[in-house]
Amino acid sequence: MTPDPDLTPGEQDRLRALLDEATADVQPRDGLDDIQSRTKVSPMSASSTRPWFLGTAAAVLATAAVITGVVMMNNGTTPTADQGPASAGPTSAAEPDTTTSPAEPDSEEPPVAVEGAVPVYYVGDTGQGPRLYREFHPGIGGAPLDQAVTDAVSRTPDDPDYRTPWPAGTQVQAGFDGNGNDGQIQLDLTGVPGERPAGMSKADAEMAVQQLVWTAQAATQTTAPVALRLDGGPATTVLGVPTAEPLARGAETDTLAQVWIIEPAQGATVEDGFTVSGVGAFFEANVAWELYRGGLDGPVVASNADDPVMAKECCTMAPYEFTVDLPDDAAPGEYTLRVHDEDMSGGEGFAPFEDTKTVTLR
Amino acid sequence: MSGPDAGDRADARAWDADDAVEQLYAAHYRQLVRLSVLLVRDPETAEEVVQDAFVAMHGRWRSLREPDKALAYLRQAVVNRSRSVLRRRVVAARHVPEPVPPRPGADEDTVVAERRTHVLEALRALPQRQREVVALRYYLDLSEAQIADALGISNGAVKSHASRAAAALRTSLGPLLDSTHETEDPS
Numbered sequence: 001m002t003p004d005p006d007l008t009p010g011e012q013d014r015l016r017a018l019l020d021e022a023t024a025d026v027q028p029r030d031g032l033d034d035i036q037s038r039t040k041v042s043p044m045s046a047s048s049t050r051p052w053f054l055g056t057a058a059a060v061l062a063t064a065a066v067i068t069g070v071v072m073m074n075n076g077t078t079p080t081a082d083q084g085p086a087s088a089g090p091t092s093a094a095e096p097d098t099t100t101s102p103a104e105p106d107s108e109e110p111p112v113a114v115e116g117a118v119p120v121y122y123v124g125d126t127g128q129g130p131r132l133y134r135e136f137h138p139g140i141g142g143a144p145l146d147q148a149v150t151d152a153v154s155r156t157p158d159d160p161d162y163r164t165p166w167p168a169g170t171q172v173q174a175g176f177d178g179n180g181n182d183g184q185i186q187l188d189l190t191g192v193p194g195e196r197p198a199g200m201s202k203a204d205a206e207m208a209v210q211q212l213v214w215t216a217q218a219a220t221q222t223t224a225p226v227a228l229r230l231d232g233g234p235a236t237t238v239l240g241v242p243t244a245e246p247l248a249r250g251a252e253t254d255t256l257a258q259v260w261i262i263e264p265a266q267g268a269t270v271e272d273g274f275t276v277s278g279v280g281a282f283f284e285a286n287v288a289w290e291l292y293r294g295g296l297d298g299p300v301v302a303s304n305a306d307d308p309v310m311a312k313e314c315c316t317m318a319p320y321e322f323t324v325d326l327p328d329d330a331a332p333g334e335y336t337l338r339v340h341d342e343d344m345s346g347g348e349g350f351a352p353f354e355d356t357k358t359v360t361l362r
Numbered sequence: 001m002s003g004p005d006a007g008d009r010a011d012a013r014a015w016d017a018d019d020a021v022e023q024l025y026a027a028h029y030r031q032l033v034r035l036s037v038l039l040v041r042d043p044e045t046a047e048e049v050v051q052d053a054f055v056a057m058h059g060r061w062r063s064l065r066e067p068d069k070a071l072a073y074l075r076q077a078v079v080n081r082s083r084s085v086l087r088r089r090v091v092a093a094r095h096v097p098e099p100v101p102p103r104p105g106a107d108e109d110t111v112v113a114e115r116r117t118h119v120l121e122a123l124r125a126l127p128q129r130q131r132e133v134v135a136l137r138y139y140l141d142l143s144e145a146q147i148a149d150a151l152g153i154s155n156g157a158v159k160s161h162a163s164r165a166a167a168a169l170r171t172s173l174g175p176l177l178d179s180t181h182e183t184e185d186p187s
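Keeping their order, the protein sequence lines are chains U and A.
Heads up: the first sequence runs through residues 1 to 362, numbered per the UniProt record's numbering.
Heads up: the second sequence runs through residues 1 to 187, numbered per the UniProt record's numbering.
I should point out that these hints are in silico values taken from the structure, not numbers from a laboratory.
Be aware that one or more of the hints could be misleading.
As the list claims (entries may be wrong) - Listed below are several chain U residues computed to face chain A (Cβ distance under 10 Å; list not exhaustive): (1) 22; (2) 28; (3) 32; (4) 237; (5) 241.
What the hints assert, rightly or not - Taking lysine-lysine and the DSS-like style, the derived pairs with C-alpha atoms no more than 30 Å apart in a straight line are: (6) 159(A) / 69(A); (7) 202(U) / 40(U); (8) 40(U) / 69(A); (9) 159(A) / 202(U).
Unchecked claim - Computed Cβ-Cβ distance ranges for the label pairs, DEER-style: (10) 327(U) / 66(A): 55 to 65 Å; (11) 42(A) / 362(U): 23 to 33 Å; (12) 42(A) / 303(U): 38 to 48 Å; (13) 30(A) / 191(U): 28 to 38 Å; (14) 323(U) / 128(A): 39 to 49 Å; (15) 171(A) / 199(U): 57 to 67 Å; (16) 160(A) / 198(U): 37 to 47 Å; (17) 179(U) / 66(A): 46 to 56 Å; (18) 284(U) / 146(A): 36 to 46 Å; (19) 25(U) / 171(A): 31 to 41 Å; (20) 240(U) / 30(A): 39 to 49 Å; (21) 172(A) / 199(U): 34 to 44 Å; (22) 42(A) / 198(U): 17 to 27 Å; (23) 198(U) / 18(A): 28 to 38 Å.
Where a beta carbon is used, it is the ideal one built from N, C-alpha and C, also for glycine.
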């Protein structure tokens with residue numbers, strides 16, 4: 001006699017009861033505080049975003065205040081100020097045009113002359129946990145390395161979807177011996193615990209350290225190892241992450257968000273037919289995108305359904321570029337651009353990577 | 001938008017990501033941790049998995065926006081993350097830890113504790129997919145279609161995993177599954 005492979009209703013009830021019983025003694029500790037401490041920077045809906053120039057001007061002033069409050073320290077060669085965006089990012093083929101990035105605050109006179117753009121990595125939450133995205137900030141003069149790492153630990157990113165996991169009050173002084181890839185970058189941190197603070201996940205702590213490594217390497221246009229020091233001395237751990245040895249950057253696939261929009265930048269003003277560029281690892285190189293009127297809850301006014309887009313290569317961080325042609329009746333105002341991978345995994349993997357930018361149509 | 005639940009949706013639209021985390025945490029956190037325990041066994045790991053899922057859901061709230069979708073996303077994230085935790089643990093897990101000896105106490109407690117261990121071990125002995133199907137079907141009471149959706153497999157595949165799991169559990173759980181064999185307090 002072969003028993004029916006499926007469970008009888010009676011057996012099903014028994015199995016339900018057994019599973020309930022098997023987990024009944026699991027009483028999770030309160031996790032809400034931990035979760036909330038990791039989601040403090042809430043991704044604002046695009047429609048609530050302030051005009052970018054106000055935000056940027058304020059941020060530039062704040063950054064300048066922080067920078068001037070820190071003793072500038074730069075061992076050896078100072079990288080030239082006009083080196084522009086780093087080629088140390090995922091690809092050098094996707095350099096943004098800094099003249100159209102939100103580099104010039106509208107009417108506010110920046111405290112220091114704007115000289116080139118400084119690459120800064122930030123953490124964003126993805127379906128695969130925290131990953132790095134990159135912004136370019138207007139240079140404020142002085143060493144790009146100092147500005148970049150200071151921004152990374154203490155400046156609120158322009159994109160509200162990004163955040164810095166470093167504790168408030170973190171300060172950093174940077175030094176680079178100038179020997180290119182054979183050299184060493186030294187970052188002296190203060191105001192940071194050696195151990196992982198309560199409420200910070202291990203993934204966040206690791207990503208915070210990688211954020212500094214990627215930022216420092218991009219700012220020096222090298223892949224030189226990064227030595228982290230704490231309160232003037234060597235540190236065996238920073239935020240609980242081992243730092244006894246100088247650090248290399250993590251693998252792209254494990255460290256970077258796999259879809260970035262580079263242009264337009266958050267808050268940029270655009271015209272019909274504007275160009276979008278970025279890098280991403282897309283399934284079969286298919287770049288999926290939508291432009292929403294207002295926030296992501298608004299209607300889609302244009303998308304890759306009108307105009308299929310392919311990245312240069314499949315499945316690895318590769319450049320992409322497309323133009324957005326708007327319908328004739330598209331009104332000026334705020335739009336949200338979303339670029340993402342398609343979830344072709346059949347649910348096998350995680351939610352697809354994405355990046356979003358709020359833009360203003362002139 | 002129209003339909004009977006249009007009003008609910010309008011309310012949910014008013015939630016921001018922080019509200020969504022709070023509301024869904026209050027309603028589902030414990031159950032999701034328990035779901036993950038069925039998949040990964042270790043409660044601490046399960047809590048980490050579920051917290052990560054909530055953080056990810058918060059980050060994606062703008063594209064989810066509805067509590068139903070957010071809950072489905074959380075379930076999927078918990079299953080996927082539990083799976084990758086296990087994958088990372090495969091090497092270490094070759095060395096199976098000794099079962100925790102039942103604490104001295106009332107006989108009844110011992111019986112329940114042993115049964116718990118037995119059930120969790122039986123689940124653990126199942127192939128990954130079968131274990132996921134069993135947990136979603138009999139712990140969360142999801143429909144075949146919901147399971148297919150959460151796991152990204154076809155309804156037919158859900159059926160066949162469920163059948164194979166049923167056969168394996170009949171063997172490993174034996175009399176415990178016998179519906180005439182009632183325990184003292186099944187609820």
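Has the hinted range 55 to 65 Å been met by the Cβ atoms of residue 327(U) and residue 66(A)?
-> Taking Cβ atoms as reference, residue 327(U) and residue 66(A) lie about 27 Å apart, which means the hint is violated.
Check the following: the C-beta atoms of residue 323(U) and residue 128(A) are separated by a distance inside 39 to 49 Å. Given range 39 to 49 Å: holds, Cβ gap about 44 Å.
Pairwise hint evaluation, residue 40(U) against residue 202(U), where the allowed Cα distance is 30 Å at most: holds, 17 Å
- Item | Range hint 57 to 67 Å (beta carbons of residue 171(A) and residue 199(U)) holds or violated | This hint is violated: roughly 45 Å between Cβ atoms.
Q. Given the hint that residue 40(U) pairs with residue 69(A), does the C-alpha gap stay at or below 30 Å?
A. holds, 22 Å
Quiz prompt | Pairwise beta carbon distance, residue 42(A) to residue 303(U), judged against the given window 38 to 48 Å | solution = holds, 43 Å
Taken at face value, is the distance from the CA of residue 202(U) to the CA of residue 159(A) at most 30 Å?
violated, 38 Å
Note whether the CB distance of residue 30(A) and residue 191(U) lies within 28 to 38 Å or breaks it. With Cβ atoms ~37 Å apart, the hint holds.
| message | Is 31 to 41 Å respected by the C-beta to C-beta distance linking residue 25(U) and residue 171(A)? | response | Check failed, 26 Å falls outside 31 to 41 Å.
- Query: Does residue 22(U) pass the interface check with chain A, least Cβ-Cβ distance below 10 Å?
  - Reply: It holds, given that the least Cβ distance between residue 22(U) and chain A is near 4 Å, below 10 Å.
Problem set entry | Assessment of proposed distance window 34 to 44 Å (beta carbons of residue 172(A), residue 199(U)) | holds, 40 Å
Within 28 to 38 Å: is that where the Cβ-Cβ distance between residue 198(U) and residue 18(A) falls?
violated, 20 Å
Comparing the model with each earlier hint shows violations of hints 4, 5, 9, 10, 11, 15, 18, 19, 20 and 23; every other hint is respected.
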